[in-house]
Every structure is written in C-alpha cells, then in structure tokens.
Amino acid sequence: MSGVPAAQAPLTVRPVGEQGPGASAAPLPLLELQDLHFRYPRRPSQAPQGKVLQGIDLALEAHEITVLLGPSGCGKSTLLGLAAGLIPRQQGRVLVAGKRSDAPHPAVGVVFQQPALLPWLSVHRNVEFGLTLRHSERLSPGERRQRVQEALRLVGLEGHGPSHPSQLSGGMAQRAALARVLVRRPRLLLLDEPFSALDAVTRSGMQQLLQTIVARTGCGVLIVTHDVEEAIALGHRIVLMERHPGRLRREWRGVRDPVISEPLAADSLAADSTATDSAAADSTASNPELRAQILQELGAVLEG
Amino acid sequence: MTTVLGLRLRRPVPALLQASALPALGLLIGLGIWGLAVAVLGRSVPILLEFSPQAGFANLASGLASGVLVRHAGASLLRVGVGLVLAVLVAVPLGLLLGLKRRLELTTSAVFQFIRMISPLSWMPIAVMVFGVGDLPVFFLLAIAAIWPILLSITTAVRTVDPLYIQVARSFAAEPLEIVTRIVLPAIRPSLLASLRVAVGLIWLVLVPAEMLGVSSGLGYLILDCRDRLAYGELTAALLVIGLIGWALDALLRRFSFSATAVPQLS
Ligand SMILES: Nc1ncnc2c1ncn2[C@@H]1O[C@H](COP(=O)(O)OP(=O)(O)OP(=O)(O)O)[C@@H](O)[C@H]1O
Ligand SMILES: [Mg+2]
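As you go down the protein sequences, you meet chains Z and L in turn.
In the working numbering, each number is its position in the first sequence, counted from 1, plus 197.
In the working numbering, each number is its position in the second sequence, counted from 1, plus 386.
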C-alpha cells in the first residue's frame, strides 16, 4: 500500500504490468471470483456433504457496496472466506486487482460478525495492529499514531484509544474493528454480517457510517447479510444467493447510484455523507417494489 | 456483623485488615501448636527440644547476622532461577508446538504423561551419572520438575486460543510466525504466568533434596550439614528460611500473574 491519504487513493485498480493493452483498458474489478466451486472436506463418521458453492462468478468494484443476501447456511460466509483467502480455494479462481490470489491480500480488509478485538491490547493498539506486521508499510511511530487516530475519528471513536476493549459497547467494539481494518487503507472491505449482533438503532448508525466510509475512501464493499432491510438500506447492488448448492440466483444493480461523480476532497466529509444519506433515503423510498421482489425471490429460495 | 476471636463487632472489619489479620492469627496459632508439640514430645525425646520455636528464631537471627543463611539462601535462589529458565526454554517452545500441531501432541502425549509421573528425584542417580556431581545435576532435576506444569498448561492454553483472533491476524496477511508471537503468545500469557507459579513451587520442593547432591552451598546442603554437625537449632532456622522464601516466591508470582492478567497493556 502506498502512503497516499485515503481521500486521494486511486479510485480504480488498473491493469498491472504485462496485462492490459494500455491506456484504453477498462479498469479491473478490485476482486473477482470466477467459477468458484467449494465443498467442505468430509469428516470421518459423517455423511458426505453436498457442494456448498457452485459456479460462483462475482466481480467487486470500487465505490460500490455489494450486498450478498441469502438464507442461513447457503454458503455466504464460505464465499466471503474464499474471497478473503482465509479458506483454501478448491476450484475456480480468485483475482485481486486482476492477479490470482490464494492468500489474504493486504489491500483487502475483513470484518467479522464479532469484533474480535484482542483483549490484551488497548483500543489504540488494536487499531494499530495491522500497521505493525512485517509486511506493513514502514511508518514512523508518529505517523502510525496519526493514522490510528484518523481511523478512530472516522468511525467516531475519537478519544477511546486508551480504553480497554471490554469497556466498549457492542456497537463501539464493531466500530473499533472497522477502524482496525480501515487504518490499513484497504481498497476492498469484506464484511460478514458485521452489524447483525447490534440493536436496530446502532445498526442503522453503522450502516450510515459504512456508506460514509465508502463515499470518502472509494473502497469497494462486499457485505453479507440475511436481512432484507439491511440489503436495501445499504446496497448499490444486491446479489441473492440460493442454497443446496450455493449459487448466485439473482442480482439487482443500480439499486442506488454510487456517489462517485464528485471528486472527494479530504475535508468534505460532511458534505459527502449527507449526499450519500439523501441518496439512500430517495432510492429506498422509491423502491417498494424492489423490496417486494427481493422478498418474493427469497421466499422462493426458502421453499425450493 | 463479623465475629473475630468470638467478639461480635458492630461494623464489618475492613476487608484489608481482615485479609491480613486472619492469616496473622493463623500463623500465631501455628506457632503455638509448634511450641506445644515440641514441649510435649520433648518430654520423652529430649533432643526434640532443640527444634523449638525459640531455638529456631534465635538461630535464624544469628544466621542472618553472620550472613551464613543469606549465603545459602542466595545459592538456592540462584539455582531456582537457572532451573526455571531452563524449564521455560524447553517447555514454552515445545508447548507452543504441541498446542499448534494436534498430531504431534497425540504422538507425544503418552510418552510425556509417562515421564511426567516419574518423580523428579528418581532421576537423581541418572543425573549424577550423566552430569557428575555439582550444580549441573541439580539444574537438571529442577528443570525436569518444572517442565511439566509449564508444558501441559501451555499446550492446553494454545489449543483454547479463540480461533477468531487467529482468523483476524490471518485476514491481515500476518505470517505464521507473527501469528504465534503476536496472537498466541499474548493470548496464553495468563496461563503461562500461572504455570510459572506452579513450576516455582515444584522447583522449591525439589530443590532441598536436590541440593543434598554433591554441592557445598544452598539450603538443602545446609540441612544435611546441620544434621551432620548435630546443629539442630540451625537446622530449624534453615527450615524457617525455606518456608519463608517459598511463601514469598509464591506471593510474588501470584501478585505478578494477577496484575498481568488484570491490567492489560494500555497505549
Ligand atoms: N467448517 C465447516 N466444516 C463443514 N461444513 C461447514 C463448515 N462451515 C460451514 N459448513 C457448512 O457449509 C454450509 C454453508 O455454511 P456458511 O457458514 O458458509 O453459510 P452462511 O450462508 O454463512 O450461513 P449463516 O447465514 O448462518 O452465517 C452450511 O451447510 C454449513 O453447515
Ligand atoms: Mg455466515
């Protein structure tokens, strides 16, 4: 990762090196899943399991929140784990910025359902964690502190650095987990039901925060949920998954226009976030039939 | 309402006072029983009178003043340190390995359980044969006594580290070694410290007999020496020192491991 401030980070990933015919090349997706198949290894004394994933094709772009919606057990977490390089790939390909990737990629940040803050470290040190690994970019202690404080400010946890993780509420802990990922300036966020353990009010606050972050940093997001309301509230794009085997069944694009038309200045966060919020409100209000469609499809998935 | 010495107090005794007053009371009672037992048994076996508390404390004072007890206690404590360091050097990496590699643990568990059950002192003849007389066999005996509690508790602790923490580190593209040093080690720190406390207790128990093994310093040696010189008052003082130091070591480690688990590293 480069030392470019978040707001100026490259908005799209372009072909690298030998690939790409030059300036005219279309931007590559941040992450691409191509014809992924997956089956959990059979345990002794267990009936053989069917395929969990079958023929998954999915491309994730910058600035875009893609919601992966599906019933429990359809393989959403498995898909996310494969995309994150946390589960060994079996068949098909995972491309990060056009390059095959079989291990966790530093430009990809993952947030799980549990915040999983390390209890032996302060909030500050937790957020700093990803900057102190051997492959992390070299930063002076001062720069590191600044980056951590920036990330904490972004998620609204300014001043909570010295706290212990156990002193945070569930929502705050999840914010800290988000900050721990954002501090590395990832180009893509993979989120596995990150808000499902939170109460409704906290959850909608977190959803707004996520939209703000996308608008401000231009990162792409893949977020897993089984909550239709959350999908509609968040997604620029909603992908519905069916189970046994896990396949992508239907996709809604352009649910809401990603706010990418305006160049982002570092200090225009407030303006950007209101733009995003009003866009969100509009499209949700004008989309009662979208909700009906999704619910109908989801019903079909649950029956079939 | 609290009762102390049969007196009913109007207000509860403050916790701190109670925490130090009751153990002190117990010590006094213990001292009384000791004096009484020596006095009673001394009637039929007069030599036992030399083991009285008075003789013990008098010799403790003179031994401390002359520096003899201090010298021997220092030698013993040094051996405790060496034994503990050796045990940690072997048990911590091995425990990490066994905790992380289930297959290896299954392969070795029977062997280790077997060896663990052999009292450390039974290694004495072999230790002398291999290491000769002097400090080396003592170090060996202390280390072998201390390895097992550390090894077992680390192996278990590693296996129970929340997989989510490891998942987090992996998602950050951390290398395997980094996962060990940055996640596993800090996560097992409380268990490690608790096992060190057990290990030091064991070392202290094994130390005295181990020092009866061809060394010319240390509290174990002093006991043998006093016996040979028929200096039973000094012997009693040595016993007092052994108990006191063991107690102090344990209290120290308890405080250490407690504060280490209670207060996380803050920025
Ligand atoms: N480690 C594993 N070993 C074997 N089978 C697994 C494992 N993890 C998940 N599965 C199975 O794979 C299928 C998909 O699981 P996955 O966790 O990906 O679903 P999900 O869509 O995330 O569900 P949820 O909404 O409940 O989180 C399920 O049938 C599950 O039982
Ligand atoms: Mg899941």
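No wet-lab data here; the hints were simulated from the structure.
Possibly wrong hints are sitting among the right ones.
One-sided excerpt, in silico: chain Z residues whose CB lies under 7 Å from chain L [stated by the list, open to error]:
1. P303
2. A304
3. P442
4. L445
Below, a sample of chain L positions facing chain Z; criterion: calculated Cβ distance under 8 Å [claimed, not checked]:
5. W420
6. A423
7. Q553
8. S557
9. R575
10. R613
Fair warning: this is a prediction, and the values are worked out from it, not measured in the lab.
Backbone N, C-alpha and C fix where the C-beta goes; we use that ideal spot for every residue, glycine too.
Each hint, compared with the structure:
1. P303: Holds: closest Cβ of chain L sits about 5 Å from P303(Z), inside 7 Å.
2. A304: Because about 9 Å separates A304(Z) from the closest Cβ in chain L, which is outside the 7 Å limit, the hint is violated.
3. P442: Check failed: Cβ of P442(Z) comes no nearer than 25 Å to chain L, outside 7 Å.
4. L445: violated (23 Å)
5. W420: violated (44 Å)
6. A423: Constraint on A423(L) not satisfied, violated at 49 Å.
7. Q553: Holds, about 6 Å.
8. S557: holds (4 Å)
9. R575: Nearest chain Z Cβ about 7 Å off; hint holds.
10. R613: violated (49 Å)
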